[in-house]
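Enquirer: The whole structure should be built from the sequences, with the hints applied where relevant.
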Amino acid sequence: MATLATTLNEKQQSKKRQEAPAARAFRATPFTYGTLLIVAAVLTAPLVFVGSIALSSDATVNSGSFTVIPREFHWDNFSRVFGTELPVGTFLLNSVLISLFSVAGQVLSSGLVGYAFARLRAPGKNTMFLIVIATMMIPTQITMIPQFILFRDLGWVNTFLPLIVPNFFSNAFNVFLVRQFVSRLPSQLDEAAMMDGLGFFGIYRRIMFPMLRPVLIAIGIFTLTHTWGDFMGPLIYLNDESKMPLALGVQYITATSQAGQAPPWNLVMVGSILLALPMILVYYIGQKYLYEMDISGGSAGVK
Amino acid sequence: MATSTAPKAAPAAAEKPASPKPGKQKLSKRRRREALSFYLFISPWIIGFLVFLLGPMIASIYYSLTDWDSFTPPQWVGFDNYVKLLTDDPVFWKALWNTLFYAAISVPLGLVLGLWLANLLNKQVRARKLFRTLIYLPTLIPLVATAMIFRMVLAPNGPINDFLGLFGVSGPNWLYDGPWVKPALILMSTWGAGAATVLLLAAMKGIPRELYEAAEVDGASAMRQFWSITLPHLTPIIFFNLIMGLIGAFQVFSQVYILVSKAKNPAGYDAAQTMVPFLFDQAFSYYHMGYASAISWLLFLVILVFTVIAFRTTRRWVFYETEVK
Chain X
1 MATLATTLNE KQQSKKRQEA PAARAFRATP FTYGTLLIVA AVLTAPLVFV GSIALSSDAT
61 VNSGSFTVIP REFHWDNFSR VFGTELPVGT FLLNSVLISL FSVAGQVLSS GLVGYAFARL
121 RAPGKNTMFL IVIATMMIPT QITMIPQFIL FRDLGWVNTF LPLIVPNFFS NAFNVFLVRQ
181 FVSRLPSQLD EAAMMDGLGF FGIYRRIMFP MLRPVLIAIG IFTLTHTWGD FMGPLIYLND
241 ESKMPLALGV QYITATSQAG QAPPWNLVMV GSILLALPMI LVYYIGQKYL YEMDISGGSA
301 GVK
Chain Z
1 MATSTAPKAA PAAAEKPASP KPGKQKLSKR RRREALSFYL FISPWIIGFL VFLLGPMIAS
61 IYYSLTDWDS FTPPQWVGFD NYVKLLTDDP VFWKALWNTL FYAAISVPLG LVLGLWLANL
121 LNKQVRARKL FRTLIYLPTL IPLVATAMIF RMVLAPNGPI NDFLGLFGVS GPNWLYDGPW
181 VKPALILMST WGAGAATVLL LAAMKGIPRE LYEAAEVDGA SAMRQFWSIT LPHLTPIIFF
241 NLIMGLIGAF QVFSQVYILV SKAKNPAGYD AAQTMVPFLF DQAFSYYHMG YASAISWLLF
301 LVILVFTVIA FRTTRRWVFY ETEVK
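From first to last, the protein sequence lines are chains X and Z. 19 is the number that our numbering gives to position 19 of the first sequence; each next residue is one higher, with no gaps. 13 is the number that our numbering gives to position 13 of the second sequence; each next residue is one higher, with no gaps.
All the given hints hold, so there is nothing to weed out.
Derived BS3-like pairs: lysine-lysine, alpha-carbon spacing no greater than 25 Å straight-line: (1) Z:K205 x X:K288; (2) X:K288 x Z:K123; (3) X:K288 x Z:K129.
None of these hints come from the bench; they were simulated from the model.
Expert: As structure tokens, this is what we get:
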């Protein structure tokens, strides 16, 4: 309801904007357009270049004579990477598996923890929440080595477990997001549910979980973005080529190419495109949830 | 911004004071059950905190005071690792200097570019959505792919040097030519300036238009309106970007690790070595686990010092609307 009202409001405002003569700060001059066009071209050029490399023949790769605008179109490069030539298909599958479990872990655990911090009363809660906030400041490098030792002693090195399991224990930033989101929902909802005899878990599962959809989707997007592009984690824990996710695999191919021989840049760039595309897609689909979650403003702050 | 969130923020303010007590005994029982549920609900966080954060932090402090290859028992050495790092390891100071240099240039540069682009997009331009998307697109590309892309873009016969060639300038071998590696990494980071643009643009839209109209009546130029109205209103979000940017820059890893490997690119490796790749190599290439743990704490200290300095200066330049009211 609220969002509908806001969009209507915004629409009216933008209408008003068009009618009234714009303040000087908002006038677009030919200079504005010129600058925007140049900036957009410069920022897009590397992506066009990637496409051009991805579509070039092996001969072009060996001579290294790439052009920004594609001259040749070897679309079969996109199917070649799924063949036996390079295990990019395996990399992709590994990325999908690791990301899916990580996202599930964060969504399940952060939602539950964030809800409890927002709604349930218990002694020591405020202290605990302060600790949650404080942990956000600790750089991951501090815990990197002891965690490696821990997972090595558990025999988890060269498995997906070190990359997935920590996600099932929630993340401070996500907990904070959920807590802020829940504290803006009317508490009469849970009270009514309690009257109807629901326990706390019932309230969470039946009432809260569905209402938390925007924030949980946002958490899913953040987790996916992080896991999908993560390079250091897989670099530490995975040795076998067959277990690498795409982010590590793409790098691995270029790092291990024979001395004096150019890496198969066309196939590497196909891998890079496969690495980038899901993120672009997720952003495209997910942005409305990110805005719906409304991270930027109106947060109740740390109380 | 404030106006758009008002309808949603309202219910939070209506939080009720504790309901009238219906008999003390019953309440305390309910309270106890609620507290129990609370601890049950947050148990994933408690376990995660103990196992993946507090435990490792304590272990890390201990390791940093030992000489340890992770295979044989650790040898207690007291503060030797720290002393050696600070007094007897030129690579540490090199990495620290490179990291500070990278942060000092890439973070402000990204902010200024982001601000400039946001201001352009905040005008009444046609196809604004398209421009916004194109500017934001690079920030969606995972770092590994970005590094791969820039390795080709910055190649001796790559597009950047081709472009420079148009002006008769013969470009350097960016990633392999010592002095040019840092500029190359900074150039790569500014490609992602669009991340700041989106936040800044959103904040710009929240600035009341009446302010600009009033300024217009007073005859203020567009430039003047930017400096006197837009910029002061954006300082909180600029500050947020500054802090996040600094923390991110201090932890730069993937780009450096991928683009300048010790084996294939010694000159570049030397010129661009930053803190986290240095730490990573010590830990996972040489198995100097104690030494690497000490580096991680020094890194934390550096980040902490700069964050505190940034926070300390906020009163001078960050403008919060609530202060005026």
